[in-house]
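Chain residues, written in single-letter form:
Protein chains: 2
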Amino acid sequence: MVTQVFEEISPADFFYRNRDIAGFTNPSRAIFASIRELVENSLDAAELAGAPPTIYIRLTYGEGGLESGVYRLRVEDNGVGITSRHIPSAFGQVLFGSKYKLKQARGTFGLGGTMAVLYGQITTHKPALIVSSTGSTKVYKYRIMVDIQRNRPIILERKILINKDQWHGTIVKFSLEGDYFRAMPKILEYLKQTALVNPYANITFVDPKGRLYKFVRATTKMPPLPKETLPHPYGVDVETVKRLMQMTPHRNMRDFMIKHFHRISEKIAYKFLEFAAIPRGKNPKRLGPGEVVKLVQMMKRFEEFRSPSASCLSPLGEELLKAGILKELKPEFIAVCQRKPSTYAGHPFIIETAIAYGGSIPKKTDFVLYRFANRIPLLYDEASDVSFRVIKSMNWRRYKASPDMPIAVLVHICSTKIPYKTVGKEFIADRPEVKREILNGIREAARKLRRYLSKQEHVEKEKRRLSVFSKYLPKIAKFSTELAGKERQPDIQKLLEIVNQVGRKESRK
Amino acid sequence: MVTQVFEEISPADFFYRNRDIAGFTNPSRAIFASIRELVENSLDAAELAGAPPTIYIRLTYGEGGLESGVYRLRVEDNGVGITSRHIPSAFGQVLFGSKYKLKQARGTFGLGGTMAVLYGQITTHKPALIVSSTGSTKVYKYRIMVDIQRNRPIILERKILINKDQWHGTIVKFSLEGDYFRAMPKILEYLKQTALVNPYANITFVDPKGRLYKFVRATTKMPPLPKETLPHPYGVDVETVKRLMQMTPHRNMRDFMIKHFHRISEKIAYKFLEFAAIPRGKNPKRLGPGEVVKLVQMMKRFEEFRSPSASCLSPLGEELLKAGILKELKPEFIAVCQRKPSTYAGHPFIIETAIAYGGSIPKKTDFVLYRFANRIPLLYDEASDVSFRVIKSMNWRRYKASPDMPIAVLVHICSTKIPYKTVGKEFIADRPEVKREILNGIREAARKLRRYLSKQEHVEKEKRRLSVFSKYLPKIAKFSTELAGKERQPDIQKLLEIVNQVGRKESRK
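Protein sequences, first through last, are from chains S and Z.
Using the working numbering, you'd call the opening residue of the first sequence number 42 and step up by one each time.
Using the working numbering, you'd call the opening residue of the second sequence number 42 and step up by one each time.
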């Protein structure tokens, strides 16, 4: 009889063997995924630095030219930079990252940058070059590879340079197999939408043919940084509570509840502990496993916890959203709406919607939908996304809109935990609370669109009416003159002036 | 200026935070995923033992009864069992498994059993009980939990019992939060389809209400075990070749190529090394990084490697496929087809198709599609699967079939690497080679269906014709007798007999 043979693999090895999961499915998708992961890291880093992001992306052919299918990718930013000792692991180790706090962030899995480097290594066997400084007197330059079987970085070279201009930022440069021309439309769409939803960012991209794409910032104004937040009782599970108990410095349940959870006052802590039949003075480390389970069950049932506050979130805001849309879509009309904060499963979220109409918005067989989450664009699997379903379910005729009109609908959700359905962050799952907010947000914007379209109709009607006047008034004047046997026509200029004035007034309403 | 804060998380922690990726999305889906992972482990283990699998699944309410939403799941099998020292890690550590060889296998990611235990732990904070023996004199019983932050098992208890009946197998028992009644249809469908594609397995399931579902084996005949195979040059990348070079005991490239790759003879090895301009006597460990990259590129370009052989694969075979379909679907007619082996990206695969018609097959608005890969059913995301697209693209009228007829189409792919699109193993990606084989396989079965349907039509026609005879022959006899002025009618019994004989002959064709 055969026995089973067991072995252990590292997480790097796991993602090496299953890179599809992280979006690195084929050469075309991989180039797109690499660029997006690095750009999102750069945006986060620049915001931490409090500086409007300036990002340069350069993609060139590798040594073999176009036929080799190998490219060199270089991404430079002006972010906070990475301290020297963390650089190798930040890019050379999977599951090592800065995105494990409970905070609104673009990246979620701590995979991104390393997956890109890993993919490059697998396909070209070349090392990656990382240059970074936090603005100190030194700039650090590393040449690294990933030891996949051990999930550890291999430092091939380390240099220290003098930081002349007090530069801070990060440069990542590596080779990878790719298919740029297949990926190009998606990459350009991604950069354009990123520029839209981050209108304070300068993004410059030079492609292998030397073509320059520049997305210039419309403003230097930035939304406040998202803040880290404490977990809400509705959003924790036994494992999380167990960890909090293991590391808490507090020795009684009253302090444990107040200090480790979101928005719990002494009054509410006492009420809850009574509800859960747990003494307020009990040491958290003395709770048995069964009691921890019961505590968490009670947390879900207790109805008097305050809703999660959204003060930790950082939505774009109506002004910036408008600026971004104007910059990238150049419509004739924009309606924006920011919903009040809401929650799902103990996580706060805010929905922002917008409708753009006319101008440079193209007419298609249906509305164009732009989807964003924590200020990154979502480009795949539109039909599976909750926003798509909401739009399909609405009766647009009551808003005077129809699919053949030049209309774009934008939905942005920001949250401490975006309900993504997949690791590739392609689309948002169908949570009822989220769906409801998106629906109401789009309706609000749609009502503003309707008012605009009604007014446009009215203005058109007026214009037509007035053009009839302008056309026939002179004739009427002439005929009347003849009929009356007069010689001189009345002065209709004044009348026409009044008519035109009325027309202009109507337009301005 | 804020600095970035970094931390490292373990793979168990990663999958704890992102359990959606592995299919543990919500309580209903989690119960389904747990059952499927354990059943698939059990089937693999029994086949290794060379024994027709006998699997018992028992799902009961936890302590709180129906309202608590907590269940106890127990799965027992008669497989090879797990050696004592591996038991804790096999269920208490993520990325520790037996599925990392290049072989046709049900599980692919080495996550399954541990994810189920992990999910149970997260939702109920209770340990898992594992009992196993390889048939030796001892049976080992472990009570374990997962240390998520360190990705290590925590052994709470270990017992050794005497193995009285030389039993071999594994029993897994743990608690989990779930929603059985929502999951029930999918679970039952899964078990039925698993019984179909593994007709030599006995599967017994008792649900929380005590209802018994028994899927009895139709045969004890089993297909030969899949064999481990060497990688094919078309299917390797630089990382794989690098690892082979690091661990190879062979000191020249000739032996390296012949011993580590699939179907390379000395003649082909020499031809290839010449093509790649690498001396046949060179020590593999002496190749520089650039040379390894070039070697892999040359492997992709060399056209004289022999196609991967499918002898390592273990398809079901037409007889077993028919037995399974008959057992579970009870149709009036079955057509099966096993395609010749083919390859994609250096991996061999075999497609088996079947069409079942009539009998207990229900009539729906469209054909029912059953999808299998390496003898496991795929139940989700049908519309994204390549088989679904193939069926939609076919012109069924030329096979005398239409969507309102009681027809089921089955597609089974077996391979050393199933081109899944996601970790949850929900559907197969759209690879051209695979798509072509599926199309041709379904066409072959459809042609057999057409012959059957034509014959049925013909038989129906004959029957109608003969029934007309049977109806009018007596009348004609009577009238003729009267017309001829005779008294006695001719004996038409013989004629009717002949007519009926002809009818029966036609039916049998």
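FYI, nobody ran anything at the bench for these hints, they're computed from the structure.
Some hints here could point you the wrong way.
The list treats identical chains as one, so a pair stands whether inside a single copy or across any two.
[To be verified] Derived pair list, reagent style DSS-like, types lysine-lysine, alpha-carbon separation capped at 30 Å:
no.: 1; residue 1: 227; residue 2: 476
no.: 2; residue 1: 144; residue 2: 233
no.: 3; residue 1: 458; residue 2: 268
no.: 4; residue 1: 268; residue 2: 512
no.: 5; residue 1: 312; residue 2: 262
no.: 6; residue 1: 214; residue 2: 326
no.: 7; residue 1: 268; residue 2: 326
no.: 8; residue 1: 227; residue 2: 341
no.: 9; residue 1: 433; residue 2: 227
no.: 10; residue 1: 441; residue 2: 496
no.: 11; residue 1: 441; residue 2: 268
no.: 12; residue 1: 341; residue 2: 433
Cross-check of the supplied hints:
no.: 1; hint: 227 / 476; verdict: both (27 Å within a copy, 26 Å between copies)
no.: 2; hint: 144 / 233; verdict: within (26 Å within a copy, 44 Å between copies)
no.: 3; hint: 458 / 268; verdict: within (13 Å within a copy, 44 Å between copies)
no.: 4; hint: 268 / 512; verdict: neither (64 Å within a copy, 90 Å between copies)
no.: 5; hint: 312 / 262; verdict: neither (44 Å within a copy, 65 Å between copies)
no.: 6; hint: 214 / 326; verdict: between (47 Å within a copy, 28 Å between copies)
no.: 7; hint: 268 / 326; verdict: within (28 Å within a copy, 51 Å between copies)
no.: 8; hint: 227 / 341; verdict: between (42 Å within a copy, 28 Å between copies)
no.: 9; hint: 433 / 227; verdict: both (24 Å within a copy, 28 Å between copies)
no.: 10; hint: 441 / 496; verdict: within (11 Å within a copy, 59 Å between copies)
no.: 11; hint: 441 / 268; verdict: neither (41 Å within a copy, 65 Å between copies)
no.: 12; hint: 341 / 433; verdict: neither (34 Å within a copy, 46 Å between copies)
The structure does not agree with the numbered hints 4, 5, 11 and 12 stated previously, though it agrees with the rest.
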